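Participant: Letter by letter, the chains look like this.
There are 2 protein chains.
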Amino acid sequence: MRISSLAAEAGLPLATVKFYLREGLLHPGLASSATQASYDESHLHRLRVIRALTGAVGLSVQQTRTILGLIDDPGADLYSTLGRAVSALPPAVREASGDDDPHPRARAALEALGQVYDPRYAAVAQLESALEAAEAAGMPISAERLLEYGRRLHEIAAFDLERMPREPHAAVEYTVLGTALYEPVILALRRLAHQDIAARGLRGEGGAPEPR
Amino acid sequence: MRISSLAAEAGLPLATVKFYLREGLLHPGLASSATQASYDESHLHRLRVIRALTGAVGLSVQQTRTILGLIDDPGADLYSTLGRAVSALPPAVREASGDDDPHPRARAALEALGQVYDPRYAAVAQLESALEAAEAAGMPISAERLLEYGRRLHEIAAFDLERMPREPHAAVEYTVLGTALYEPVILALRRLAHQDIAARGLRGEGGAPEPR
Numbered sequence: 007m008r009i010s011s012l013a014a015e016a017g018l019p020l021a022t023v024k025f026y027l028r029e030g031l032l033h034p035g036l037a038s039s040a041t042q043a044s045y046d047e048s049h050l051h052r053l054r055v056i057r058a059l060t061g062a063v064g065l066s067v068q069q070t071r072t073i074l075g076l077i078d079d080p081g082a083d084l085y086s087t088l089g090r091a092v093s094a095l096p097p098a099v100r101e102a103s104g105d106d107d108p109h110p111r112a113r114a115a116l117e118a119l120g121q122v123y124d125p126r127y128a129a130v131a132q133l134e135s136a137l138e139a140a141e142a143a144g145m146p147i148s149a150e151r152l153l154e155y156g157r158r159l160h161e162i163a164a165f166d167l168e169r170m171p172r173e174p175h176a177a178v179e180y181t182v183l184g185t186a187l188y189e190p191v192i193l194a195l196r197r198l199a200h201q202d203i204a205a206r207g208l209r210g211e212g213g214a215p216e217p218r
Numbered sequence: 007m008r009i010s011s012l013a014a015e016a017g018l019p020l021a022t023v024k025f026y027l028r029e030g031l032l033h034p035g036l037a038s039s040a041t042q043a044s045y046d047e048s049h050l051h052r053l054r055v056i057r058a059l060t061g062a063v064g065l066s067v068q069q070t071r072t073i074l075g076l077i078d079d080p081g082a083d084l085y086s087t088l089g090r091a092v093s094a095l096p097p098a099v100r101e102a103s104g105d106d107d108p109h110p111r112a113r114a115a116l117e118a119l120g121q122v123y124d125p126r127y128a129a130v131a132q133l134e135s136a137l138e139a140a141e142a143a144g145m146p147i148s149a150e151r152l153l154e155y156g157r158r159l160h161e162i163a164a165f166d167l168e169r170m171p172r173e174p175h176a177a178v179e180y181t182v183l184g185t186a187l188y189e190p191v192i193l194a195l196r197r198l199a200h201q202d203i204a205a206r207g208l209r210g211e212g213g214a215p216e217p218r
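So the sequences go chain by chain: A and B. Under this note's numbering, the first residue of the first sequence is numbered 7, with each subsequent residue one higher. Under this note's numbering, the first residue of the second sequence is numbered 7, with each subsequent residue one higher.
Next comes chain A alone, as it looks inside the complex (with noise of 0.2 Å):
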């Protein structure tokens, strides 16, 4: 198809879509002519992983060259490339200081869960500053809470893992758009669930809850 199609078709306005090109997110299309080329769906669909990183998950377009690099060429050690890709998502964390221990809360609730702990991962300094804030509220995370809260959102990642495609650049691509994009989803439906055993149990003022 022409590039206006391949537009129309991803929703997105021509100059968008030739700014992706300029910028090298989008790879050429196959020229059909001196001044003509010709899109696919290899195309439609970069465009929608480049459209959902730089619109839901709000990369800039810099932090979403960064990725679709890691998905076009994930290396020989798939690990450590899945490790940086979703390292590189929101929130940014603060770099870990000097400290001998930059991250106690964080060790100790992976010790707890029997989890691999390596402080480089972003999602380390992510969950050390979410404790610590839980902490200073005066809402600290008790370890029933977190052996609760880890063991379902272990079996939530099993669930996640277990489909990861094992071709290479989907595996990052899946593990990108799965985790940045399934984030809301989850907090959505934890308050919903909320709300849902609410509504059975205190709207009903002690009644029995109604069959589900």
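One thing to keep in mind: the hints can contain errors.
As the list makes no split between identical chains, a pair holds if one copy fits it or if it spans any two.
Simulated pairs of lysine to any residue, SDA-like, Cα-Cα distance not exceeding 25 Å [claimed, not checked]:
#, residue 1, residue 2
1, K24, P34
2, K24, G144
3, K24, A13
These aren't lab readings, by the way, just hints derived from the structure by calculation. No experiment lies behind these values; they were computed from the predicted model shown.
With chain A held as given, fit chain B onto it using these hints.
Facilitator: Frame of chain A; chain B shown alone:
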């Protein structure tokens, strides 16, 4: 204690504490002389709540005032108050338009989960826009994934609700802070569970997982 000790204990500048007093977010101390007032644990507690809402949660003073108002005056209908308090938290969602069915994806998802559907609750619009973004990226949430996520998050939500204080003021405070402050913990734990599983599976190059 005096206001200077209160500020020091709360880890806040004196000017900030005075600002919260003037704005009515913090209740006045007990007058101990014409020019001095005395503050107690209730003030320190309140400052921790204000600090969490304006800091980690990122609310404006006006948004914080709304939530503190619901904590201070939960009214007779606790279910409705909890819904309004959580709906006042980020993310801001767009108002439902005049459509007959402004949240088709969220409604279908909640029906599939057998949960309450109430479009006035902000998390419904939040779920709708999250599902829409996943769909637009070519990664729609499958029925299987929805059920898996929904079940696990309902378990987490039940754990949360079981621990909600029965006293209404405390219940609103627990719900607001437990929603907003524990969400980043949940997202970090999911990312770390992914990493944990990937480390055992991918890095081990097909070898047996390490013992937990």
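Participant: If a hint holds in the structure, say so; if it doesn't, say that too.
Facilitator: Now for the hints, and whether the structure bears them out:
1. Taking the shortest Cα distances, K24 and P34 sit within 25 Å of each other inside one copy (10 Å), while across copies they are farther apart (60 Å).
2. For a Cα distance limit of 25 Å, the shortest separation of K24 from G144 across copies, 22 Å, qualifies, whereas the shortest one inside one copy, 51 Å, does not.
3. When the C-alpha separation of K24 and A13 is checked against a cutoff of 25 Å, the pair qualifies only within one copy, where the shortest distance is 9 Å, while the shortest distance between copies is 55 Å.
Hint compliance for this structure: no hint is broken.
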